[in-house]
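Q: So the sequence lines, in the order shown, correspond to chains A and B.
Position one of the first sequence corresponds to residue 8 (our numbering), numbered consecutively onward.
Position one of the second sequence corresponds to residue 2 (our numbering), numbered consecutively onward.
To be clear, the hints were calculated from the coordinates, so they are not data collected in a lab.
There could be a bad hint or two in this list.
What the hints assert, rightly or not - Take a look, some chain A residues computed to stay more than 12 Å from chain B by CB distance:
| id | residue |
| --- | --- |
| 1 | A124 |
| 2 | H227 |
| 3 | A317 |
What the hints assert, rightly or not - Within a straight-line C-alpha distance of at most 27 Å, the following computed DSSO-like cross-link-like pairs (lysine-lysine) qualify:
| id | chain 1 | residue 1 | chain 2 | residue 2 |
| --- | --- | --- | --- | --- |
| 4 | B | K178 | A | K10 |
| 5 | B | K64 | B | K50 |
| 6 | B | K64 | A | K334 |
| 7 | B | K305 | B | K50 |
| 8 | A | K10 | B | K64 |
Ideal placement from N, C-alpha and C gives every residue a C-beta, glycine not left out.
Each chain, letter by letter, is given below.
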Amino acid sequence: VSKADAAAAILWVGATFYALFGGADFGGGFWDLVAGGPERGQRPRDLIQRSLTPVWEANHVWLIFVLVVLWTAFPPAFSAIFTTLYVPIALAALGIVLRGAGFAFRKSIVGLQGRRAMGATFAISSVITPFFMGTVVGAIAAGNVPAAGNGDAFSTWLQPLPLLIGAMFAASGAYLAAVFLVGDARRQEDGEMERYFVRRALIAAVVAGAFAVAGLFALHSEARYVFDRLTSQGLPLVILSLLCGVALLALLLRGARRPLRPLAAGAVTAVIWGWGVAQFPYLLPTSLRIDQAAAPGPTMTIIFIVFAIAAVLVLPSLGLLYTLAQKDLLESEH
Amino acid sequence: VIPLAASASNLLAAREQMAFTLGFHIVLSCLGVALPATILVANYIGLKKDDEAALELAKRWSKAMAVTFAVGAVTGTVLSFEFGLLWPQFMDRFGAAFGIAFAIEGIFFFLEAIFLAIYIYGWKRLSGWAHFWSGVPMFVTGIGGAFSVVAANSWMNQPQGFTLNAAGKVIDVEPLKVLINPATGYEVPHMILAAYMVVGFLVASVYAVGMLKGRRDRLHRLGLLIPLTIGLIATPIQLFVGDTAARAVADHQPAKFAAMECIQETGGHQTEYVGGVCTSDGVKAAIPIPDLDSFLVGFSADTKVTGLNEIPNDERPPANTFLHLSFDAMVGIGTALLALGAWVAWAWWKRRDIPRTPWFLRIVAVSGAASVLALWAGWIVTEVGRQPWIVQGYMRTSEAVTDAKGIWFSFGLVLLLYAGLGTGAVLVLRSMSRRWREQGADLEGDTPYAPSAPTGRKYAYMEGNRPVDGGGS
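The following block holds chain A by itself, in its conformation from the complex:
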């Protein structure tokens, strides 16, 4: 394994954590959006707010981690992506601002109207943001980003594959969130909310699965290189994802209590690594290879050191945060 490949793996680890935790936070926003009027939606919204409040900022940092590793370890890839896909990237950034501000303000604002406006801002942007991030990933996978950058601002991502991946991102976030919220409802011994999110997890699983299948077809016609490798080298991961997804569906239908979260996380993780394997050795299929985009060795060493420190310091701290949150030792009310 070369230094560049190892750095690419670190990039993928960051993307995986962001998809799992950041994705679930966006999914929480989706369920907030479709929870109905203020009275009917109050209980699910409260549960979502309690779950998200102490953790969403820490989860968000994975995105910064991914951006920083990308521009430091693979500068030409970063600039090629940003000079081509600047429209969906800017829209995702807009969504990030609105989501964060809407969520933070809603919690602290007094008065129903302001609170509802902020809530709507938070919820709508929670759907828009992962969608546009997905179109960026889809456009990269489709091979629409030229190595020299400055690809077309619209036709590169306004295509079936990027749009489907965008929809799949939003749906997977909703799926993860629903599964996580089932656990949170259970912990609070709220049977009604548990059933509420079990139903929604099932629906989201089916919808995300449907987008994934449609995505495979689009991949077949729009991104042959990635499709071919996904169905050969990447096949075990695709099957793993499928197995996790089906097992989770079966558990949810039987009302089983665990292991729901690991299975949901496994299904999403397998897809992300399947994508990675499928476009290896390219960062931008098929115009820019990992080794062509790689920064000099000493820069990569810094990335490894930072990653090692993150593993030793950040992961246990995140574990502490999640543990305290799960034990209800962190109170989001004021």
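Go by the hints and put chain B onto chain A.
A: This is chain B only, laid out in the frame that chain A set:
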């Protein structure tokens, strides 16, 4: 092919957008850097002396910080997007060197977000000292984060630690030289002290306004004294660091120094101009102090200072008057705050109390806004003074800018969005403060470290609450 006009127009739009979003974020990042220490001081006093007013202050400030940190997290994210959206060529060529500091910053940002959440939401159910210590990492990550980001900026001013190939791309890097460049030593402490000044005077100004409105309880006195003391301690150190920084800039970036001091001709016996308008034949409408500029640069009136006449036309910083006035504003405000500190120290020495005249409170009330102004002014001197370079001597800002269309449109959108963001943040903070004032008389239900009924656990170290006298701010 992009016509030259389009790319020149992009350059202006991109610079305006970057300046605006950075100017917005820099205030919030000061809060992220220095507010934790301020809160921890109040928390420590509260725990050590069993002082409920101090505890209440720590709690309120941490709730305000929850809002400002959330806004800072998203505006900071916007900046990382802008590196790619506005300056892709810069990142392409120099990301491998410039990015190193940000990779390190990532760790600090992570730990900051984690421990901030534990601290902010741990008031009710964690025990007093466990809660206090959960906040201490925030103080460390604030310093570490500021170091990383400002080291990246000082590298732009004093780039080193990399080898370029014929195409101008980085092919080798010496990370330590990138991080510890000649400007790191003065830029980093200058920014960290600026953060402590901004937070100190800003928070104190809120309570000064409250005291001017007649709220003179212990909560307000402490709310004024704790942050004001921090700001006033930082001020003299800052003036010393800033003075060192100015001398280093004269040495490292003579074009920046000549522009901010309006020095036209190289030579000794340079006049220090206070205020005024810079023109190619000297400074108009300024207060001239003969020889002082030379003296400040080299401790002797004979010190030779480089003038703009030695800088090639296309390497001179723009907007010299603006730069000069920004520099003067920063130094002027810093000096005024130093005088404020002397006044407070004298009053304290005389009577163990703050000055009693309302003028003292009025001055503290504006010190917050003034310190933010000084912060912006200093940042303008650093950034505009480096122009036309994005990487001093290596890459022009015009070479770094994107060819993407619609930058003026995105700038317009950003203005609208941030106007909403700023208004929202202020409204939320005001509504919180109003709620605290209304609840002021009845703190029973909201006391920190109270027994937590739902879980039945008892972490309370404090029972039998004495109500805090008076209201909040």
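Q: Confirm or reject each hint.
A: Cross-check of the supplied hints:
no.	hint	result
1	A124	violated, 10 Å
2	H227	holds, 31 Å
3	A317	violated, 6 Å
4	B/K178 - A/K10	holds, 21 Å
5	B/K64 - B/K50	holds, 22 Å
6	B/K64 - A/K334	holds, 21 Å
7	B/K305 - B/K50	violated, 56 Å
8	A/K10 - B/K64	violated, 44 Å
Of the hints listed earlier, those the structure fails to meet are numbers 1, 3, 7 and 8, in rising order.
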